[in-house]
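Student: Chains as they are written, first to last, in my numbering: chain A, 4 to 378; chain B, 271 to 422; chain C, 718 to 1142; chain D, 23 to 274.
Don't read these hints as lab results, they were simulated from the structure.
A couple of the hints might just be wrong.
[As the list claims (entries may be wrong)] The calculated lysine-lysine pairs, modelled on DSSO-like cross-linking and capped at a C-alpha distance of 30 Å, are:
hint, chain 1, residue 1, chain 2, residue 2
1, B, Lys294, A, Lys45
2, B, Lys294, B, Lys279
3, B, Lys299, A, Lys152
4, A, Lys213, B, Lys294
[Said to hold, decoys possible] Looking from chain A toward chain C, a few residues come up when the C-beta cut is under 10 Å (computed):
hint, residue
5, Asn23
6, Gln27
7, Pro29
8, Leu132
9, Ile134
10, Gly135
11, Leu140
12, Phe141
13, Arg145
14, Leu151
15, Thr204
16, Trp208
17, Val215
18, Val217
19, Asp361
20, Gly367
Quick reminder that beta carbons are idealized off the backbone N, C-alpha and C, glycines included.
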Amino acid sequence: MTTSHREERTFLDSQELILNMGPQHPSTHGVLRVILKLDGEKVIGTECVIGYLHRGVEKIAENRTYAMFNPYVDRMDYVAAVSNGLGYCLAVEKLINVEVPARAQFLRVIMTELNRLASHQVWLGTHALDIGAMTPLFYTFRDREEILKIFEKYCGARLTTHAFRIGGCQYEAYDGMEQEVLTFCDFLLPKIDEYEQLLTTNRIWVERTKGVGVISGADAIAMGLTGPPLRASGVKWDLRKAQPYSAYDQFDFEIPIGYNGDTYDRYLVRIAEMRQSVRIIRQAVERLPQGPIMAKVSKMLKPPVGEVYVSIEAPKGELGYYIVSDGSLQPYRVRVRPPSFVNLQALDQMVKGQLVADVVAVIGTLDIVLGEVDR
Amino acid sequence: MSVASVLRKTFFVDLVKGLAVTFKYQSPKEIYTEQYPLQRPTIAERYRGLPRLNVNPDTGESLCIACDLCALACPEHLISVKSERDPKSKKKVISTWTYDTSRCMFCGICEDSCPTDCLELSQDFEFATYSRDFIIDRERLETGLVPKVYER
Amino acid sequence: MLQYVTGYLSQPVTPGEAGNYIWALIYILVVIMGVSGVVLGMNWGERKALAHMQVRLGPMRVGPHGLLQPFADALKLLTKEDIIPAGADKLVFSLAPVAIIVTAWTVFLVVPFGRTHAITDMNIGVLFMLGVSSLSVLCIVMAGWASNSNYPLMGALRSSAQMVSYEVAMGLVVVSAVMMTATNTNVGTLSMIGIVEAQASQHFWFIFKFFPLGLIAFVVFAIAMVAETNRAPFDLPEAESELVAGFHTEYSGFRWSLFMLAEYSGMIAVSSIAVTLWLGGWLRPFASIHGPQITIPHYWRGGALDFAASLLPALCMFLLALFCLVGAYRMPRLRTFRIQTAGLTVFGLGLGFIGMVLLCPPVRDRVQDIFWFTAKIGVFMYLFIWYRATFPRYRFDQLMRVGWKVLLPIGLGVLILTAIVGVLL
Amino acid sequence: MPEDTLGNSSAPETAAAQAADAKSSVGSQGEPPVQPAKPTGEEAPKPLAAPAAATAAAPGTGAPAPPAAVPSKTPAAPAKPAGPVPEPWNEPLPNDLMSRFGSAVREASTYLGQAYLVIDCAEAPEVLRVLRDECQFDYCVDLTAVHYPKREATQFDVVWILYSFTRNQRVRVKTQIKDGDTVPSVVGLWPTANWLERECYDMFGIQFAGHPDLRRILLPDGWKGFPLRKDYPITQQDTEWVRENLHIESGQ
């Protein structure tokens, strides 16, 4: 399994222990490898080794047409595939300067927020599992299953949804979708209370998460943290509010923030975000307008020469697409700004001086998906 | 620290709350596991599973007009369509249509691009095989895979 | 022969005390086989209970409702390739699992399943149990060190620190319980059987004695014993999300199964200490209340409540049998399930048969003690599983803090107060 | 108590202010980092000026469209044949920069409402420092590069995407460099650029001068070639590396 790197001891103090965590370690969320320099159990340095899941998504994009590349982005952050797709579609729509019909925008919001719930549920389950609470994983996955069922009914796939197309949505809401989504909202809120009952006040959970992986707001900005990690540090910044896209300015919701920037606050922020997502979904379903769901977009998409950077608030942070078009059928360059990749960079700063057990807690709280880190 | 919080801590209220949740879920009614081969999952109507080539139910002729759009649209270029001209009707008629399951990511773009509703992603999701013949030809796609019945 | 057996069994003394080596050997075999069997059962029970708490089904495939799963697992573990890592210290590596199982089983020498159902009654029984069970630290350190790998080493380090520090608190509250035995007689005892008999004679389980001192002592012990057995939420030595599998990361197959066996045996052992010291050992609840005298059978000279209680073991077996039969009835009516349904039916009928045996008068009387003792231990086992399903894991420094800064002062306070109260009363 | 920690965002501004107080780089103006969505210089495309960078991009069209992707019929014409073009970015910020750095800031434009600057590589650290310290662009969103092998003088565009919380504004800063040139590292300005520059080096082979630890990040050490360059075909693989390290023959 994992082996020590004894040969690296030559340049290190002999009192330090090099512990190789991953890529097959149970709590590195996939294939992250962290090389820990330990003084006893205390972490004095980390080095992340990533790239085990590198598939060259950006290179693939240069060899596909705009529409063809759409399903590939689902494979980056595979627990939030809908968000990935939304970001990509918005970027290309910006590039070709197309306005998406209102109904499609609302459908997109419903799907994206459902996906945010699913992503946060996966995060909660795995994070709790890392800290040793086994059971929340099963509860969150059970409830996430309802979301996946809605996804399956809406777009025919559960995980890598490919739900949106450039210019709108391919799929009209299925019969009874509104009702089903509302029922799900009613179903989920008590379940979130249950997760909280298991964890929020639990003294072990509080001790394990409070004061662990603290990062101040200024440091978080300097490290480029986005999403819940940034908000838990007290910076009230959410792209859905700051630069609204896809009709988010029409919904009434709050941006939960934390104060201490520790793991516990990030936990609370995400839990609160789940409640806010439910709120957004309810509004979107209730105000779902009628009309077309697809704008007029050419099948053989040839955007004009130019470049755009469009980013959205994915569950994990700012997910940006920088697309350069040379006027041909294929993008000249697609750059993905992956939130997990940038957030993971803060790991070193956040775990320095803490214990080995905190490393897994911080990896969990950063909510990384290696498919997105490595792309 | 208020008195209440000290009391709560002393009497393990926070832990008991959690214990109550797990205790409650022990009821066999709460079990969520689906015993798959026995219990069939409900597949959504729009499920994107194995492709199916629809035939005209009246005439038994393929709806495919060999326009090659699906092959062009496929991001993985895994569909290959070959056609020949029917000498009598002078129409383009599909001769072979093959498809590679091992590379397919079931994105549904081929389905979207089909102008005649011939190509459709079906609800069939059980196409694991013991052999490596991932390339599925037209006949098999037209009849559809026979659902497996699992025996011990 | 039969007469000899029944004659011996009716002696009011353990084989160890009697100096009867043959019977002691038989008892030892019975206890070891019994504990191993219970561990197998617990394996199934834990997986089932844990699964149900986690809205899963648990093992379902091997045997009806996965009843044969532990046997399948045991078979698999025994047939696995025996791997010793290249850099390991081979002697210590293979010695550690054997040593740990030896310590885990040695503890059961003094566990009193009933007045006479113990292998022996040592006058330092409690001390012996604590002493031998702390030997397992040594084995864990051996395992961790011999593996010559970082994760096991860290697991072993954690384990040794954890078990040593929780033993202190544990020892203190155990002493307070021992002191309670001296209340009326001024002569305390360390003998496990003596402690239970003291509870019987004082008509008090020690958990209720000097309320709340006994209760606090029990709670401290209950927490410390979870830490002592490396179970959640104190399962740091084998924390799978941090240390992969802790001290037994490099073990596989048969050696690994010995560690598992030792862990579960250890759980039973510490639970039996807790049961003996605070929960009245083999005594049934309200053992001092007998109800109106009844004289139905000639051999019965107890009260109605005693008689009713003596029926309980059989009733429990019948209940289990009923459970199995209902389960068999509710099995899906499919051809593939024929064998499973038949198996479950046979299992249920077997349980029913055991229940019938337990109803027979001589067995009924002898089995009662064991029944109550096991039932109490069963509650603890359930608690272990329940904790595991619910709680997150402590961090190492927090664990030490809880041990030294919370449990130790409380244990010390309980000890002093017990002494004062004991002298005053 | 834990219940108090998250006031459910009832007092957001105070929290933001706390964070701002922690270090002065956040919200030093005393205003909340988030303003309600105001299109400050964004979302206002007006076709006007000549597309400088875009025209530079046009000859760099390295990859010809695969014949399979073009059907026999003429490709459907884009909806707007002319397309939007960059327009000058007339705001105090770029004007200040222009006057301060003179010709080092070659261009300040907006395209589809998104502002960008094109600067000289030599002046890049100074311009970026001014952007961070004086214009509150305290968040480096992304750092990447684009390869234009057909371009004569400069083969790479290096792009910094910056964001300012106080202004709620994004700006792209671009510079053009020759293949083999080094770009000054901005790790000192934004620590987040560390991995981004490493990735940029990994994918394009662009050297960042002053980077503390410029190694490959996604690809294994010792890999040959830089995959996101246009002259690196999509199926190419360092077969030698694969053979030596994975002990398999490359499956290509």
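Student: If a hint holds in the structure, say so; if it doesn't, say that too.
Tutor: Hint-by-hint comparison with the structure:
1. B/Lys294 to A/Lys45: Measuring from Cα to Cα gives roughly 39 Å; hence the hint is violated.
2. B/Lys294 to B/Lys279: holds (22 Å)
3. B/Lys299 to A/Lys152: The given pair, whose Cα atoms are some 20 Å apart, holds under the 30 Å limit.
4. A/Lys213 to B/Lys294: holds (28 Å)
5. Asn23: holds (8 Å)
6. Gln27: holds (9 Å)
7. Pro29: holds (5 Å)
8. Leu132: Holds: closest Cβ of chain C sits about 6 Å from A/Leu132, inside 10 Å.
9. Ile134: holds (4 Å)
10. Gly135: holds (3 Å)
11. Leu140: Result: holds, 8 Å to nearest chain C Cβ.
12. Phe141: It holds, given that the least Cβ distance between A/Phe141 and chain C is near 4 Å, below 10 Å.
13. Arg145: Result: holds, 6 Å to nearest chain C Cβ.
14. Leu151: violated (16 Å)
15. Thr204: violated (12 Å)
16. Trp208: With Cβ-Cβ at 5 Å, under 10 Å, it holds.
17. Val215: holds (8 Å)
18. Val217: violated (15 Å)
19. Asp361: holds (7 Å)
20. Gly367: holds (9 Å)
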